[in-house]
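Using the sequences and the accompanying hints, generate a full structural model.
2 protein chains.
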Amino acid sequence: MQRLKDLVEARIAAWCAGLPALGLYPPMAYLLQLPAKRIRPIALLMAHELYGGKAEDVLDEALGIELFHNFTLMHDDIMDASPLRRGDATVHVKWNTNAAILSGDALLVKAYELLGRDPRALRIFSQHALEVCEGQQLDMDFELRDRVSTAEYMEMVRLKTAVLLACSMRIGAALANAPEADVERIGEFGERIGLAFQLRDDLLDAFGDPQRTGKQRGGDLLAGKKTWILIRGLEKERADGLDALQVELRKEAGSRNVERMIEALGRSGVRAEAEALVQGLETKALEDLHVMNVPMERKAPLFVLADQLMARTQ
Amino acid sequence: MQRLKDLVEARIAAWCAGLPALGLYPPMAYLLQLPAKRIRPIALLMAHELYGGKAEDVLDEALGIELFHNFTLMHDDIMDASPLRRGDATVHVKWNTNAAILSGDALLVKAYELLGRDPRALRIFSQHALEVCEGQQLDMDFELRDRVSTAEYMEMVRLKTAVLLACSMRIGAALANAPEADVERIGEFGERIGLAFQLRDDLLDAFGDPQRTGKQRGGDLLAGKKTWILIRGLEKERADGLDALQVELRKEAGSRNVERMIEALGRSGVRAEAEALVQGLETKALEDLHVMNVPMERKAPLFVLADQLMARTQ
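Line order of the protein sequences matches chains A and B. Residues 1 to 314 (the working numbering) make up the first sequence, in order. Residues 1001 to 1314 (the working numbering) make up the second sequence, in order.
The reader is advised that the hints may include incorrect statements.
[Claimed, not checked] Now the in silico label distances, taken between C-beta atoms and shown as ranges:
| id | chain 1 | residue 1 | chain 2 | residue 2 | range |
| --- | --- | --- | --- | --- | --- |
| 1 | B | A1010 | A | E56 | 44 to 50 Å |
| 2 | B | M1001 | A | R3 | 57 to 63 Å |
| 3 | B | V1291 | A | E184 | 38 to 44 Å |
| 4 | A | R260 | B | L1022 | 35 to 41 Å |
| 5 | B | P1119 | A | G219 | 44 to 50 Å |
| 6 | A | E184 | B | G1052 | 46 to 52 Å |
| 7 | A | M1 | B | L1034 | 46 to 52 Å |
| 8 | B | L1022 | A | L242 | 42 to 48 Å |
| 9 | B | N1293 | A | E184 | 46 to 52 Å |
| 10 | B | E1235 | A | P35 | 44 to 50 Å |
| 11 | B | A1010 | A | P20 | 40 to 46 Å |
[Said to hold, decoys possible] Taking lysine-lysine and the BS3-like style, the derived pairs with C-alpha atoms no more than 30 Å apart in a straight line are:
| id | chain 1 | residue 1 | chain 2 | residue 2 |
| --- | --- | --- | --- | --- |
| 12 | B | K1094 | A | K225 |
| 13 | A | K37 | A | K225 |
| 14 | A | K215 | A | K225 |
| 15 | A | K226 | A | K37 |
| 16 | A | K299 | A | K37 |
| 17 | A | K94 | B | K1094 |
| 18 | A | K94 | A | K226 |
| 19 | A | K94 | B | K1284 |
| 20 | B | K1226 | A | K226 |
| 21 | B | K1299 | B | K1284 |
| 22 | A | K94 | B | K1299 |
Hints listed in this document are in silico derivations from the structure and should not be mistaken for laboratory results. Every residue gets a Cβ at the ideal spot worked out from N, C-alpha and C, and that includes glycine.
So this is what it looks like as structure tokens:
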């Protein structure tokens, strides 16, 4: 895992070093060089090695995926008016909105340049790139809607988060000439751990240890963010004729009693339900990995990746 | 020309009709269906027929180029804070900035989808897509700078406007299996008429007949927009120790005497110089077309296109 991360970081650093120091390029280099886990490019390399390929041969595609991911971050941060990204100023704050729009566009063009070199990679990438935009659109739509179902929320997370992980792994496997069925299966594996990852993140917001997550306990609840647990909590409350969550949500964000909301989510069984859902996804993902017709020792890194994503800072 | 425009319009209409009625898609359909000249996709089809191809076979690529062009319009209108596009509300005004960012992104993805089907088209498109972003970056930079040279201005116009016309024609020719040298030559032709087109537009702003251009006489000068003639006018003034333009530019935009600026540009010979420059580009472009090793009757449509672009509403 560390070996692959080093390869990815070196490729990103070399790419950034080659960028002009003016115009469109400094915001790209800035965002790309903020500390990051590089999960997607690492997953691409792992999937490639799983089928006997050499990571060094697909570093361009791994970089392309990371550029695409950073394009989505740069534009999403404008749309969400986020001041911070990984603890540092976002591009639209450090430069301005126009710079973030245009550098983001240029990142997308650069991503296609790298992913367009091999028609197999391009075909897979094209299938998924639009879904990521659709996920962001749903996410924004949800903020304006009164009611969102858990199924809608899952679909949004699938599109916005899980699909790109799946896409990365499918590209890695396809470029190592994996059988078509395996390319599909590794995509399903990626999608499931991507979904599990986001749902666990939602859970940790309310039930994690702030000392370990490094975030304010219940920050999403305080903001009234429509996460899986809040959506499901409201559903159950309505069904049971209760209103503890509603009462808090009607208050100004600043004066919500988060502990009371967390309590209500525990009492109504939403916490347990979310944990079961995440575990179900994780179990299914590990099964996907088990049935792949590849020597077990080659699968080890993917189990490590899955483990890392699933456990997350708790 | 009308036959090709009809083909393009029909392909755009069919594509828009197939879009979902929600989310990312209505802004795309709206912008694409505003009345437009469709010069770039028509040029692609013409270049294809010039080398014996059938326009019907490359409608996907022609559509892809028009989608890319509309992506640039949607994002440029945000960056320039333009309220109107072709007389109608821009997307960021009719919807909002977020919708214009995200629908624009999705248009770029869709453009790649269509242009990625043939590796020859993709290769040419990849060479040029980033240049268009660089052109917009320069355009924005120039607004903030005190002094811009005519050479810098020409380079900005080349990147922002001329390159995409050249790219369209190169793709059309390449997909008809034109010899590599001809693909390059038709690109140069496209670049020259693209440049001439923009410079003539600058000239018409000051010296055209408002009744025929449909625009306010000297609108660019009133706004202090750094066009070729204003840049060149200021250069000559400085060299000659004069200051008629400077005096007007120091005033508020609303109280500038545009007639005095136009007079100064005529007196110092800038008008004549600009006309000579445009004519030089046009002559060279027509020569490019003459030397191409293709039967004359096939070239006729391109002469018509060039003529139309060069003459422009005067």
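Against the structure, the hints:
1. One distance hint, 44 to 50 Å for the beta-carbon pair B/A1010 and A/E56, holds here, with the actual separation near 48 Å.
2. Between B/M1001 and A/R3, the C-beta spacing of about 59 Å keeps the proposed range 57 to 63 Å intact.
3. Under the hint 38 to 44 Å, the C-beta atoms of B/V1291 and A/E184, about 52 Å apart, miss the expected range.
4. Checked against the hint of 35 to 41 Å, the pair A/R260 and B/L1022 passes, with Cβ atoms roughly 36 Å apart.
5. Separated by about 47 Å at the C-beta atoms, B/P1119 and A/G219 satisfy the suggested range of 44 to 50 Å.
6. A hinted range of 46 to 52 Å for the beta carbons of A/E184 and B/G1052 is inconsistent with their spacing of about 41 Å.
7. At about 51 Å, the CB distance of A/M1 to B/L1034 agrees with the hint of 46 to 52 Å.
8. Between B/L1022 and A/L242, the C-beta spacing of about 33 Å breaks the proposed range 42 to 48 Å.
9. Look at B/N1293 against A/E184: about 49 Å separates their beta carbons, and that is inside 46 to 52 Å.
10. Separation of B/E1235 from A/P35 is about 48 Å and conforms to the stated range, judged on CB atoms against 44 to 50 Å.
11. A beta carbon spacing of about 42 Å between B/A1010 and A/P20 agrees with the range 40 to 46 Å that was offered as a hint.
12. The suggested pairing of B/K1094 with A/K225 holds, with an alpha-carbon distance near 27 Å, which does not exceed 30 Å.
13. As the CA atoms of A/K37 and A/K225 are separated by approximately 24 Å, the hinted pair is consistent with the 30 Å bound.
14. For the hint linking A/K215 to A/K225, the alpha-carbon distance of about 15 Å falls within 30 Å, and the restraint holds.
15. Proposed proximity of A/K226 and A/K37 is supported: the alpha carbons are some 25 Å apart, at most 30 Å.
16. Taking the CA atoms of A/K299 and A/K37, the gap is near 20 Å; set against the 30 Å cutoff, the hint holds.
17. This hinted pair checks out: A/K94 and B/K1094 have alpha carbons roughly 28 Å apart, not beyond 30 Å.
18. Of the pairs offered as hints, the one joining A/K94 and A/K226 holds, with about 28 Å between alpha carbons and a cut-off of 30 Å not exceeded.
19. For the hint linking A/K94 to B/K1284, the alpha-carbon distance of about 45 Å lies beyond 30 Å, and the restraint is violated.
20. A distance of roughly 47 Å separates the Cα atoms of B/K1226 and A/K226; the hinted pair therefore is violated under the 30 Å criterion.
21. A C-alpha spacing of about 16 Å is found between B/K1299 and B/K1284, which places the hinted pair at or below 30 Å, so the restraint holds.
22. Between A/K94 and B/K1299, the direct Cα distance comes to roughly 51 Å. Violation of the 30 Å bound is thereby established for this hinted pair.
The structure is inconsistent with the numbered hints 3, 6, 8, 19, 20 and 22, although it conforms to all the rest.
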